[in-house]
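Asker: Listed below are the residues making up each chain.
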Amino acid sequence: MARFFAQRLVSLIAVLVGTATLVFLMLHLTPGDPARALLGNRPVSAQAYERLRAELGLDASLPTQFMKYASKLVRGDLGTSYFTKRPVVEEVASRFPITVRLMLGAMFVALAIGVPAGIAAAARFGGAFDFVVMSLATLGVSMPGFWVGLMLILVFSVQLGWLPVAGVGGVAYYVLPAIALGIGSAAVLARLTRSSMLDVLRTDYIRTARAKGAWPNRVLLGHAFRNAFIPVLTVIGLQVGGLLAGAVVIETVFALPGLGRLLVQGVSSRDYPLVQGVALIVSGVYVLVNFAVDLLYSVINPRIRYVA
Amino acid sequence: MVRAASATTHRPKRATLLARLLRKPGFVFGALVIVPLVVAAVFAPQLAPYAPDSMDAERYLPPGSSGHWLGTDNVGRDILSRIMHGGRISLLVGVVVVGIGATVGSVLGVVAGYLRGAVDNVIMRVMDVMLAFPDILLALIVITMLGPGIFNVMIALGVASVPVYTRLARGATLAVRELEFVEASRALGTDSLRLLFRHVLPNVFQPVLVVASLGVATAILAAAGLSFIGLGAPPSTAEWGAMLNDARNYMRRAWWLATMPGVTITLAVLAISLLGEAVREVLDPRIG
Numbered sequence: 001m002a003r004f005f006a007q008r009l010v011s012l013i014a015v016l017v018g019t020a021t022l023v024f025l026m027l028h029l030t031p032g033d034p035a036r037a038l039l040g041n042r043p044v045s046a047q048a049y050e051r052l053r054a055e056l057g058l059d060a061s062l063p064t065q066f067m068k069y070a071s072k073l074v075r076g077d078l079g080t081s082y083f084t085k086r087p088v089v090e091e092v093a094s095r096f097p098i099t100v101r102l103m104l105g106a107m108f109v110a111l112a113i114g115v116p117a118g119i120a121a122a123a124r125f126g127g128a129f130d131f132v133v134m135s136l137a138t139l140g141v142s143m144p145g146f147w148v149g150l151m152l153i154l155v156f157s158v159q160l161g162w163l164p165v166a167g168v169g170g171v172a173y174y175v176l177p178a179i180a181l182g183i184g185s186a187a188v189l190a191r192l193t194r195s196s197m198l199d200v201l202r203t204d205y206i207r208t209a210r211a212k213g214a215w216p217n218r219v220l221l222g223h224a225f226r227n228a229f230i231p232v233l234t235v236i237g238l239q240v241g242g243l244l245a246g247a248v249v250i251e252t253v254f255a256l257p258g259l260g261r262l263l264v265q266g267v268s269s270r271d272y273p274l275v276q277g278v279a280l281i282v283s284g285v286y287v288l289v290n291f292a293v294d295l296l297y298s299v300i301n302p303r304i305r306y307v308a
Numbered sequence: 001m002v003r004a005a006s007a008t009t010h011r012p013k014r015a016t017l018l019a020r021l022l023r024k025p026g027f028v029f030g031a032l033v034i035v036p037l038v039v040a041a042v043f044a045p046q047l048a049p050y051a052p053d054s055m056d057a058e059r060y061l062p063p064g065s066s067g068h069w070l071g072t073d074n075v076g077r078d079i080l081s082r083i084m085h086g087g088r089i090s091l092l093v094g095v096v097v098v099g100i101g102a103t104v105g106s107v108l109g110v111v112a113g114y115l116r117g118a119v120d121n122v123i124m125r126v127m128d129v130m131l132a133f134p135d136i137l138l139a140l141i142v143i144t145m146l147g148p149g150i151f152n153v154m155i156a157l158g159v160a161s162v163p164v165y166t167r168l169a170r171g172a173t174l175a176v177r178e179l180e181f182v183e184a185s186r187a188l189g190t191d192s193l194r195l196l197f198r199h200v201l202p203n204v205f206q207p208v209l210v211v212a213s214l215g216v217a218t219a220i221l222a223a224a225g226l227s228f229i230g231l232g233a234p235p236s237t238a239e240w241g242a243m244l245n246d247a248r249n250y251m252r253r254a255w256w257l258a259t260m261p262g263v264t265i266t267l268a269v270l271a272i273s274l275l276g277e278a279v280r281e282v283l284d285p286r287i288g
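Chains as they are written, first to last, in this note's numbering: chain A, 1 to 308; chain B, 1 to 288.
Be careful, since some hints might not be right.
[Said to hold, decoys possible] The following label-pair restraints were derived from C-beta to C-beta distances: (1) B:F151 <-> A:A46: 27 to 33 Å; (2) B:T190 <-> A:E50: 53 to 59 Å; (3) B:G99 <-> A:N217: 46 to 52 Å; (4) B:G99 <-> A:G170: 42 to 48 Å; (5) B:Y250 <-> A:A214: 54 to 60 Å; (6) B:P235 <-> A:G222: 53 to 59 Å; (7) B:L32 <-> A:R218: 41 to 47 Å; (8) A:A214 <-> B:G64: 54 to 60 Å; (9) B:F205 <-> A:G127: 37 to 43 Å; (10) B:F205 <-> A:I230: 31 to 37 Å.
Everything labelled a hint here was simulated from the structure, so no lab data went into it.
Quick reminder that beta carbons are idealized off the backbone N, C-alpha and C, glycines included.
Produce the entire structure from the sequences given, and follow the hints as far as they go.
Answerer: This is the structure we're talking about:
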């Protein structure tokens, strides 16, 4: 296990180094001049333009720029935003908690709805309940989360006045965004839990448990779900990526000043350090969560033991 | 004679792909929804009651109003006409994104899987790194480089989808290259390029088609999202995501402005997903 952990850690570091390099190369090897983007339509002299390029470090050769970027990165310095002039680390740190709260809420919605719905549908396989759950799940994955958000605002904020329309504050401000963001993942988890449960429910040990007279609910939750949860866990890890991506749009709908909105702001203004920094943090979180999911496998199912 | 009769008896009846698809209720439902949407989009200039930007004096007309079935928006533009014209962009995005991703990804995957060694290693390590980014994030990095706009969104989402197709095509290629008929062809002296195009690519096509058919729906959703946050189609353009963005400020006054384009996106994505699922079930022998 320790050797497996060490191997995974090395590959994790390799992927993180790879992402940092790829983001740098993608942003620096393509057409588009951040200095020009910063100046907009303002007419400036050639000297002023060159001065700005030097200020931004864009006058150096690409390898020099990369070395500077890498050495800063190692020290935890993600650079300075071209527009706000604040360190990217500070910008990210101030926005990160908001996105984390939103994602935890969305994950709660996804698990609380998706997993029980999938288990119940599998228990009533082929019946009307199963059909309704699966139809709703298909609809759920087809609806754009940002549109669900708009509809929730229309009903619960505009018509009923129960929850705030947008902005940042207490728990109430996260209820609608979390539902809008989590509903698609709930649909995915419901489909997967059902199919995984159906696979397990057809196995011999379940038949034996039933033949021995074990309670149906104990067979379903105690025996079947434990094994059926492993593929579900993998998808939960992958859903984190979907939620991070979805947060970009959902934060815009609900005017939540999180990482997603910061990223959109950076993309719109071609703020390279900002985009670079947020992209690294987001992909880092995604990779780390999937690493944690890998390690959780053996905890959930003791039959899985990693051999390095 | 006996052998011939027996062979005829045991050979499974191979219905055409379309006939097998038509037996799937999901495919029929999907086709019944998507065909009218595609026809309405393609022939929007002829079929739409109004031009997408023509303004009526009657603003905020609710759905069901005479002459404006789905109502009018804040400047009196006909919503039905805008949805029909918007389909031209939104549906096209789905196809183009999958076209870019599947073509580039398949070529890279086939090359990696066929040549193996260093080439395979380099291609797949780059893909591994790309897969460490959630799709939209990768697309946003590409948009940062290219600038906003619907054309750039297509490229960005296409690039972001490349790793999935590369992995798929590589896996299929690795399986195909070990098959006896490929070995035999190689032993007969067929050159690599001919082997690739003649034997490997056709066998890779099927799994790629299965994923691509579902990828169109994902691309439509992603592109609508990017237009919604102002990075795709410019505001006020007749495009489904941009229409939702425009509608945000007028929701208190006119609920239908945000409802109609959203229902259209949901229907289109649902229909394409059902078609894709049906294609997957028919083409993938491991399912069903």
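Asker: Give a verdict on every hint.
Answerer: Hints versus structure:
The hinted range of 27 to 33 Å is satisfied by F151 of chain B and A46 of chain A, whose Cβ atoms lie roughly 31 Å apart. For the hinted restraint 53 to 59 Å between T190 of chain B and E50 of chain A, the CB-CB distance of approximately 58 Å keeps it satisfied. Checking the proposed 46 to 52 Å range against G99 of chain B and N217 of chain A shows it holds: the Cβ atoms sit about 49 Å from each other. Between G99 of chain B and G170 of chain A, the C-beta spacing of about 46 Å keeps the proposed range 42 to 48 Å intact.
A hinted range of 54 to 60 Å for the beta carbons of Y250 of chain B and A214 of chain A is consistent with their spacing of about 58 Å. A beta carbon spacing of about 55 Å between P235 of chain B and G222 of chain A agrees with the range 53 to 59 Å that was offered as a hint. Range check, L32 of chain B to R218 of chain A: Cβ separation about 44 Å, and the 41 to 47 Å hint holds. Range check, A214 of chain A to G64 of chain B: about 57 Å between beta-carbon atoms, so the 54 to 60 Å window is met.
Range check, F205 of chain B to G127 of chain A: Cβ separation about 38 Å, and the 37 to 43 Å hint holds. For F205 of chain B and I230 of chain A, the Cβ-Cβ distance of about 32 Å falls inside the hinted range of 31 to 37 Å, so the restraint holds.
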